[in-house]
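Sequence lines, in order, name chains A and B. Counting from 1, one number per residue, gives the positions in the first sequence under the working numbering. Counting from 1, one number per residue, gives the positions in the second sequence under the working numbering.
Mixed in with the good hints, there may be bad ones.
Copies of one chain are not kept apart here, so a pair can be met inside one copy or by any two copies together.
Stated by the list, open to error - Below, computed lysine-lysine pairings styled on DSS-like, alpha-carbon distance capped at 30 Å:
| no. | residue 1 | residue 2 |
| --- | --- | --- |
| 1 | Lys105 | Lys281 |
| 2 | Lys8 | Lys270 |
| 3 | Lys7 | Lys318 |
| 4 | Lys318 | Lys105 |
| 5 | Lys318 | Lys244 |
| 6 | Lys180 | Lys7 |
| 7 | Lys244 | Lys2 |
| 8 | Lys229 | Lys105 |
It is worth saying that the hints were derived from the structure and are not from the lab.
2 protein chains.
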Amino acid sequence: MKVLVPKKSLADTLARVERIVPSRSSNPGLSLLRIDVTEDGMELSGSNMDVDIRARFAVDAPGRGSYAVVGHVFSQVVRALPGEDVQLDLGDDEMQISSGSYSTKLQLMSPSSAPVLNFGAQFGGSIDAAQLARALSAVKYAASVADFQAVFRGVKLELADGRMRAVATDGFRLAYYDLKESTGLLSEVIVPARSVDELLRVLSDGEVKLALEPAQLSVQHGNYSLNLKLMDGTFPDYERVIPKTFPVSITLEAGRLAEAVARVALMADKTTNNRVDLFVKGGELRITAEGSFGRSQEALPVLQEGTDPEIALAYNSKYLTDALSPADGEVRLSFSGSNSAPSVVTDLGDNSYLAMVVPLRTS
Amino acid sequence: MKVLVPKKSLADTLARVERIVPSRSSNPGLSLLRIDVTEDGMELSGSNMDVDIRARFAVDAPGRGSYAVVGHVFSQVVRALPGEDVQLDLGDDEMQISSGSYSTKLQLMSPSSAPVLNFGAQFGGSIDAAQLARALSAVKYAASVADFQAVFRGVKLELADGRMRAVATDGFRLAYYDLKESTGLLSEVIVPARSVDELLRVLSDGEVKLALEPAQLSVQHGNYSLNLKLMDGTFPDYERVIPKTFPVSITLEAGRLAEAVARVALMADKTTNNRVDLFVKGGELRITAEGSFGRSQEALPVLQEGTDPEIALAYNSKYLTDALSPADGEVRLSFSGSNSAPSVVTDLGDNSYLAMVVPLRTS
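Given only the sequences and the hints, what does the whole structure look like? Please build it.
What follows is the structure, given as structure tokens:
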């Protein structure tokens, strides 16, 4: 069967799908990309066990058929094609890919060798893609990358009536982002942070359809369908640990604070959690660090509320800069006093976002 | 002693010097950058044993002094500085670096802990920097990166009367580039290819001064002085193996050939040296490859000279694309006939360049 496709749409789609389909796997079936040609067009699908993806696009095809091909090889070939159009000639054992003066014959596998994927969800929910992307992007840094308690490597989605929250924590810091919208679903689920990254790559503008099924969240957006496997386990009762009142808080521009923290932290030793010390007194924030190469400091004027004795707290500098990264205007950094109780970052331009950072114990 | 420097000139200079001064070394002295302040300005110098570098720039300084500091830390700090100017306050044990609201104190070491470097060469030779850069850039790919015979990891410079040649080979391919200029030096030296990379990074416009000393080539260009340690050993007698007559040659656009070879080679197995086969007959070049995932081919019209029976030769595709990379217009690819004698690439727009590639043995 001969199928004619514009090179650009095939290459762009394969680039997204290829990220998920592993190029090496102990299970060789996982490296296969399934190709289904129907009267509606062409579908490419694959999985890495945590995320299933299917991309669909219109093609001129004279019939129906199902095939499987090694995903990363197909992608590489399509990326390198010289022409603007691609002709795929799908046979029993081989697919001939022709474009301009170039042609290649790739071995085809039986479609039954590829993972069996189910994209037949009934979508009972929906949300705006840009909003969902903003919420997930704002919090995913706070999930753990280490092989720690599993739920710390996930992003929790609280789907409630009239609101939705994305929240992540690794036990030392936390971030949440609230959307004041109903998705139409009522549930709480935990999605692995790595799957959130893959979802973010396909989100653009428009609507995202959502469906909750046992053990997976199904998402449809534009030409893409994804099944995200959910994590088991109980997410910590985080609300309880977020302080509500603060003796002292400071307001300043997020970027300026983040740059100063990063700069001062250059002198911090990695062995001491990249420790930086913050001192707040009389409308001035002083940031210091020291390590085996020397010591550094920077002082910034701030708008200070509260007049406690001088605040003196130590932080992992990376946790502070991460917490500031989703904000682009002024932020308020609120201290629970000079002890190791958590500090809180709020974005004055976007009150949907809150981050909490636990100071380092210094004594 | 207080020294005032524009941040940009200090940061740019450190970026170049930092590439050479190792950030980790079993010899801790090597990670030190020496700072000399004189009435002429400031000098930063360091070494990785193969390359010594010294950068000089004008500063406002009230006296003279010599210091040493851990190079990569100094660079990191300067890169992150917030202001446009930097004040360096050089004391006995510490250097305070201040810029805008930020300041840091870095430990200083005794300048005698840093490597002893000699930049006192008498420059008896010179050449245009852009020309030297063109020659070195065009040939360095052909040097070996593997732990093979040492001279194969070097670039040979033939400094003769009225001409200069840069040449590199790894035994399977070769490239040379001729300049029709006298450097004023008469010698043949071999410079490690990695040192050539460092030299290329400092070359811009203007004159390069050259000096040959026992076991090193000294170079001065703009604000930079480099000593490049030379390699011992005998460079192969390569002229002897470059064929002079060719039964068949083809002419086509270098970029088009390189792209086609790279595209076809996607199907080649790495275990067979990325083998691509070239067939030339009747004004057509056909390139084919096959491997475990499938097979590919591309046919290009060429201007053919010579009418031998069909040329059929196999190459490591990477050697072909490397050989084509310095050319940007039409190239001639000349074949010694259908056997494993070397093929030759010449750039029709720049007859200074010649590359030789040995075909793969296929039987």
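Item to check | Within, between, both or neither, where lysine 8 and lysine 270 count as close if Cα-Cα is 30 Å or less | outcome: between (45 Å within a copy, 28 Å between copies)
Checklist entry - With identical chains treated as interchangeable, where does the CA-CA distance between lysine 244 and lysine 2 reach 30 Å or less: within a copy, between copies, both, or neither? => result neither (64 Å within a copy, 48 Å between copies)
Next on the checklist: Within, between, both or neither: how does the pair lysine 180, lysine 7 come out at a Cα-Cα threshold of 30 Å?
Outcome noted: For lysine 180 and lysine 7, neither the intra-copy (40 Å) nor the inter-copy (47 Å) Cα distance is at most 30 Å.
Next on the checklist: As a check of your reading, is lysine 318 near lysine 105 (CA-CA no more than 30 Å) within one copy, between copies, both or neither?
Outcome noted: Between. Shortest inter-copy distance 21 Å satisfies the 30 Å Cα cut-off; intra-copy 49 Å does not.
Checklist entry - 30 Å Cα cut-off: does lysine 229 pair with lysine 105 within a copy, between copies, both or neither? => result neither (35 Å within a copy, 50 Å between copies)
Checklist entry - With identical chains treated as interchangeable, where does the CA-CA distance between lysine 105 and lysine 281 reach 30 Å or less: within a copy, between copies, both, or neither? => result between (71 Å within a copy, 23 Å between copies)
Checklist entry - What label fits lysine 318 with lysine 244 when the C-alpha limit is 30 Å: within, between, both, or neither? => result within (24 Å within a copy, 63 Å between copies)
Checklist entry - Should lysine 7 paired with lysine 318 be assigned to within, between, both, or neither, using CA atoms and 30 Å as the limit? => result Classified as between: cross-chain Cα gap 25 Å, same-chain 42 Å, threshold 30 Å.
In summary, the structure is inconsistent with hints 6, 7, 8 from the numbered list given earlier, while agreeing with the others.
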